[in-house]
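Asker: Protein chains in written order, with the working numbering: chain A, 1 to 263; chain B, 1001 to 1263.
It is possible that part of the hints are untrue.
[Claimed, not checked] Only some residues are given here: those of chain A computed to face chain B with a beta carbon under 10 angstroms: (1) 9; (2) 25; (3) 98; (4) 116; (5) 128; (6) 154; (7) 181; (8) 184; (9) 188; (10) 243.
[Said to hold, decoys possible] Simulated restraints on C-beta separations: (11) A:243 <-> B:1057: 38 to 44 angstroms; (12) B:1209 <-> A:30: 24 to 30 angstroms; (13) A:89 <-> B:1166: 28 to 34 angstroms; (14) A:247 <-> B:1038: 51 to 57 angstroms; (15) B:1125 <-> A:243: 30 to 36 angstroms; (16) B:1244 <-> A:36: 26 to 32 angstroms; (17) B:1154 <-> A:154: 41 to 47 angstroms; (18) B:1011 <-> A:12: 37 to 43 angstroms; (19) A:154 <-> B:1181: 34 to 40 angstroms.
Bear in mind the hints are in silico, worked out from the structure with no lab data behind them.
Quick reminder that beta carbons are idealized off the backbone N, C-alpha and C, glycines included.
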Amino acid sequence: MRIHFTRKNLGIPYVLFLLIFVVMPLLVLFYFAFTNGSGEFTLTNLTDFFTNPNTLGTLFYSFAIAATTTFFCLILAYPVAYFLATSKLKARSVIIMLFVLPMWINFSLRITALKEILTLIQGNLAFYPFANSVIGMTYDFLPFMILPIYTAIEKLDPALIEAAKDLGAGDKETFLRITLPLSLPGVMSGIAMVFLPSMTNYVVLDMLYNSTFIMGSLISSYFAADNWNGGSMIALILLLIICIFTLLTTTKEEDNKDGGNLL
Amino acid sequence: MKKGYKWVFLSLVLLFLYLPIVVLAIYSFTDSTSIGVIRNFSLQNYINLFTTPELRNMIIGTFVLALVSATIATILGTLGAIGSFYSKQKTSNAISVMNQIPVINADVVTGFSITILLVVVLKVSKDSFIPLLAGHVTLCAPFVYLAVMPKLIQMDSGLYEVALDLGATPARALRQIVFPQILPGVISGFLLSTTLSLDDYFITTYTKPATFDTISTYVVNATKGSQTSTKTALWALATVIFVLVIVVVLAMNIKALRAQDHK
């Protein structure tokens, strides 16, 4: 068969690539998650996860870390984004750049820097594993929360705010009834960009001398033990959490922008 | 709210983001081995950074890997976006959904699943660099696709037809009419890919050959080790990257600001 040159055929290499390196690995993950070492179908990987207090504990601990990190990122990022987006300064686009610039620096080097400072303050990092994890994650992910919120508020039509004021709303009421609701899509994508990585980025914990486990660390420990079946089940559970979370945080507006994507 | 509070708050958040890295940068110019100890000025860390073969190879390796993966990802992702854009809605949606999987998925899961497929099932040796390269391209290509797609949508589609009517072959019309219009998307896709690859830890650690390290994997291992001369040489590396990022980001922003003024 001869393939004629048409514009849509240009996409064939990429589609093949996606099938081989995105779809196939997920199918293999499914297969391994529901089989044992000798390839027989089994549900033990699943039941093990939900009956073992350690793995269940890790799941809840990950949620706690991720929720706390998201909370702190939000209370730091929202005011920053709001002050800058509503400021009349001409240099505000440069100032916002200062806040997001750290995300271009290799994260392991940034965490190294944070570790040195925390060690100086605390002496021994092992005393506050939870607090240090949250500080590390907040430090790492804060720019990812600031940027989408800033963009959402900046896009707001100033006429809406003037209209609210003309109609007699005070500053507080304008904020609560106009700015805040309209900035929620930005908040949602910020939450998605902080919450999920906080459940999986176990290197932040490792680097801060932390012996506690999050979901990502579980995969890493199964990997180190060559336990592909157990690791696949963890990966699958994580994938399920990610899917649910993404569906919850994706707003209708974003769907339209991407041309009706499913996710 | 009082104006003063705003700036105090903004400064405090900036301090949180920059204090660790600035302190690290200052200490990189001393002979001290831990932060907080006051010692003498020294350039030894910078000399070590650029003369230790292990460190030099690791840095060169990281950048070569990033450039090679970004190049492949840019070609695949751009062709994929063009193909998808000119395909039927259904096909195009299917490609976009597949493309979205690595974007929302946790890097740990992506890295783990590619490793299982390539290394465990297909027995591809990690020493061949194929799993590593495949992993990095999988990480980057979807972002190129996402960067190019909006440019295709914004493009004046009539021009392509006009070129054909004037006797251009489809290949030539694509090269001379479509490509220049999507070029900004292609470039930002390439830059994003390079940064993603430089920053990656999770995919690298699962797929890399045992003797190869990128900045991320090297730094993470070095912080656990006790070799102080490598540890402090990495402070110098962090400083160099910090300065490079500032210069590049500021240069791009100033250029963008000037372009805005001209409009």
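Asker: All hints are to be evaluated individually against the structure, with a verdict given for each.
Answerer: Status of each hint after checking the structure:
1. 9: With a minimum Cβ separation of about 7 angstroms from chain B (threshold 10 angstroms), the hint on residue 9 of chain A holds.
2. 25: Residue 25 of chain A check passes; min Cβ-Cβ to chain B is 4 angstroms, inside 10 angstroms.
3. 98: With a closest approach of 6 angstroms, the residue 98 of chain A hint holds.
4. 116: OK, holds: residue 116 of chain A within 10 angstroms of chain B, min 4 angstroms.
5. 128: violated (17 angstroms)
6. 154: violated (14 angstroms)
7. 181: violated (20 angstroms)
8. 184: violated (19 angstroms)
9. 188: At 13 angstroms from the nearest chain B Cβ, residue 188 of chain A fails the 10 angstroms test, so the hint is violated.
10. 243: holds (8 angstroms)
11. A:243 <-> B:1057: 38 to 44 angstroms: At 40 angstroms between Cβs, range holds.
12. B:1209 <-> A:30: 24 to 30 angstroms: holds (28 angstroms)
13. A:89 <-> B:1166: 28 to 34 angstroms: violated (49 angstroms)
14. A:247 <-> B:1038: 51 to 57 angstroms: holds (54 angstroms)
15. B:1125 <-> A:243: 30 to 36 angstroms: holds (33 angstroms)
16. B:1244 <-> A:36: 26 to 32 angstroms: Because 49 angstroms falls outside the window, the suggested range is violated.
17. B:1154 <-> A:154: 41 to 47 angstroms: violated (20 angstroms)
18. B:1011 <-> A:12: 37 to 43 angstroms: violated (53 angstroms)
19. A:154 <-> B:1181: 34 to 40 angstroms: violated (27 angstroms)
Consistency note: the structure conflicts with the earlier hints numbered 5, 6, 7, 8, 9, 13, 16, 17, 18 and 19.
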